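Keeping their order, the protein sequence lines are chains A and B.
FYI, our numbering numbers position 170 of the first sequence as 170, with every residue one higher than the one before it.
FYI, our numbering numbers position 64 of the second sequence as 1064, with every residue one higher than the one before it.
What the hints contain is simulated information worked out from the structure, not anything from laboratory work.
In this text, all values refer to a predicted model and were calculated from it rather than measured experimentally.
Where a beta carbon is used, it is the ideal one built from N, C-alpha and C, also for glycine.
Incorrect hints may appear among the rest.
Derived list of chain A stretches under chain B, where covered just means 3 residues or more per stretch with a C-beta under 8 angstroms from a C-beta of chain B [as the list claims (entries may be wrong)]:
#1 63-72
#2 79-87
#3 157-171
Per the computed footprint, the stretches of chain B lying under chain A, defined by three or more beta-carbons under 8 angstroms from a beta-carbon of chain A, are [said to hold, decoys possible]:
#4 1097-1111
#5 1130-1137
#6 1226-1238
Computed from the model, here is a short list of chain B residues facing chain A with C-beta under 7 angstroms [stated by the list, open to error]:
#7 Gly1114
#8 Gln1140
#9 Ala1141
#10 Pro1143
#11 Ile1149
#12 Gly1154
#13 Leu1207
#14 Arg1208
#15 Met1211
#16 Val1245
#17 Arg1249
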Amino acid sequence: MQELNWGLPVIGYLFLAGVGAGAYTVSSSVLLRGGGGFGGDHFNIARFGALLAPIPMIAGTGMIIFELGTFQAAVAQGDIGLFFKWINLFLTINLSPMSIGSWVLALCILASVLYAYTFLAKESAPDDDKKGLRQGLAWVGVPLGIAVAIYTGVMLGIMPSRPFWNSPVLALLFLISSMSTGVAGILLLRAMFGKAHATATGESSSDGGKSADRATYLLASSDVLLIGFEVLAIILFIMFAKLNIGNPGYAVSIILPGGELATMFWFGVVVVGLLLPVLIELRYVVPTLLYQQPYAMPRSIEMVVCAVVLVGGFMLRYVVVLAGQMTGPMGI
Amino acid sequence: MKATATTISRRDLVGNIGKGATLAAAVTVLPGKAKAALGNQSVHYAMVIDARKCTGCHACSVACKTEFEVPLGVHRSWVEYVEKGTYPDVSRSFLPRLCNQCDVPLCVPVCPTGATYKRKEDGIVVVDADICIGCKYCMQACPYDVRFINPNTGTADKCDFCLHRVTQGLEPSCVNTCQGRARIFGDLNDPDSEVAKLVATEPVTVLRQEMGTKPNVFYIGADHADESDTRVPGQYIRVDTHRPVLERR
Ligand code: SF4
Ligand code: SF4
Ligand code: SF4
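Could you build all of it, start to finish, from the sequences and the hints given here?
If you want it as structure tokens, here you go:
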């Protein structure tokens, strides 16, 4: 077994930062595009995204501190001074993806906290007094969220010493996965805490029910699309490495049939994280898409779909972070 | 002999500048200073390891451990055993390992704090333990797996060519102790130095040249065989170390 310099804290961080960044980006773009459309439901979705976004990002950032050697030494030796040595990250900036990433992440967390604040009041509405601030933070949210989602892939991807990661497709894959897990996070929150959407018989509640379902339909179908892109990115990622010779081809074989991480990858990432949710979602999206039937996914199913997408996103980070460290350049 | 004297005076230069040079010292080292003024790295430290002479005695590993009180379980320098073949066509050779003090050190540009840097004056790649936060990014980026987290400080650590010794004009501890003279250390910029001559005249190799790091540790007669490049079906290749993590990565 290889030594894993980056373990669970980093895996958890990559996953959580991705969910948060995705939720911020999706919420911002829904807000900017939809405003109060669909009887205010776009606004509600933006609100769930906004309230969600900072939490995983802050939790993930908190986790990653556990992986710092200085933090571990601080715990082992009870040296208070070492606990806060990570401050050094913010005393400088250079071209290291980790340096740029830390600053972007800090900005993104700051902006997302403010953004969440503009949605905090229960009675917040598209046209309340915080509209200007909210819109402004949504405008910065789109690029910041995308930057956080991408930089994690760039950080892993630039090192020839880690051929499994050393692919530009990795950043793309992480970006798409972040967006898709961000959507899943929003839909999960909405399914858990949102007002009950009207079922087929709920037409009594004016238009609210139908429009809510329409908005969820849009999110669910864009999720299907995102998962489609993710499948494409995974195919690209594997092709890029496998059709290459030397280190990349050698490294990627760890997730191909017969490789040490093959089961985890094909079952955890592809089947659970991609195929399962896409099949369930299609089962509900296709009738609406083709036959204009009312879209009604039962809440429990909605939660299952979101949960498996999130599990898949975590498994992707897990497999990638492990595989990168279990393989290295060939020869010496 | 004359060449040796020049080298030492240059080393004195580096050491004494660090400590505040006396006037006398400053005068002796004038040639070195003029060279530095040209804007080039005045000293270019390098090591040549003649694997044919190495007996795998581990004296270098032990000397290094002692020199730096390197904690148990981590190593700045170690020796790998390379065994291959099937009886009677077999070989066993030794590959001493350490940081290559690369000219293009992949560990440097990834460091988010600037704790890892390549010294302008002699090309040694060092870690400033006061700045390093232990993020381990450099450990991922180094293609030679020579970095580790020092459990005492929680910061990245690795071989620094015995900076504290070479700036005083002494050889690195592993070179000093090597009974077979398998390790040779010196200044590549000095054409009369033994390393410069060996690099110029011997078929030297570096490790993982394809990484583009331009290592400053050169090998003569090293067996670059690795478990991953077994070509003959069933061929036995085994690489062993005394490090807790046995695999090369
Ligand atoms: S061998 Fe590794 S640690 Fe040493 S200079 Fe080269 S890249 Fe950096
Ligand atoms: S572990 Fe220290 S030296 Fe290495 S990249 Fe991080 S801060 Fe820089
Ligand atoms: S001290 Fe010299 S001979 Fe002994 S293992 Fe080290 S390099 Fe080889």
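Consistency of the hints with the structure:
{"no.": "1", "hint": "63-72", "in the structure": "holds (count 6)"}
{"no.": "2", "hint": "79-87", "in the structure": "holds (count 3)"}
{"no.": "3", "hint": "157-171", "in the structure": "holds (count 5)"}
{"no.": "4", "hint": "1097-1111", "in the structure": "holds (count 4)"}
{"no.": "5", "hint": "1130-1137", "in the structure": "holds (count 7)"}
{"no.": "6", "hint": "1226-1238", "in the structure": "holds (count 3)"}
{"no.": "7", "hint": "Gly1114", "in the structure": "holds, 6 angstroms"}
{"no.": "8", "hint": "Gln1140", "in the structure": "holds, 6 angstroms"}
{"no.": "9", "hint": "Ala1141", "in the structure": "holds, 5 angstroms"}
{"no.": "10", "hint": "Pro1143", "in the structure": "holds, 4 angstroms"}
{"no.": "11", "hint": "Ile1149", "in the structure": "holds, 4 angstroms"}
{"no.": "12", "hint": "Gly1154", "in the structure": "holds, 3 angstroms"}
{"no.": "13", "hint": "Leu1207", "in the structure": "holds, 5 angstroms"}
{"no.": "14", "hint": "Arg1208", "in the structure": "holds, 6 angstroms"}
{"no.": "15", "hint": "Met1211", "in the structure": "holds, 5 angstroms"}
{"no.": "16", "hint": "Val1245", "in the structure": "holds, 4 angstroms"}
{"no.": "17", "hint": "Arg1249", "in the structure": "holds, 4 angstroms"}
Of the hints listed earlier, there is not a single one the structure fails to meet.
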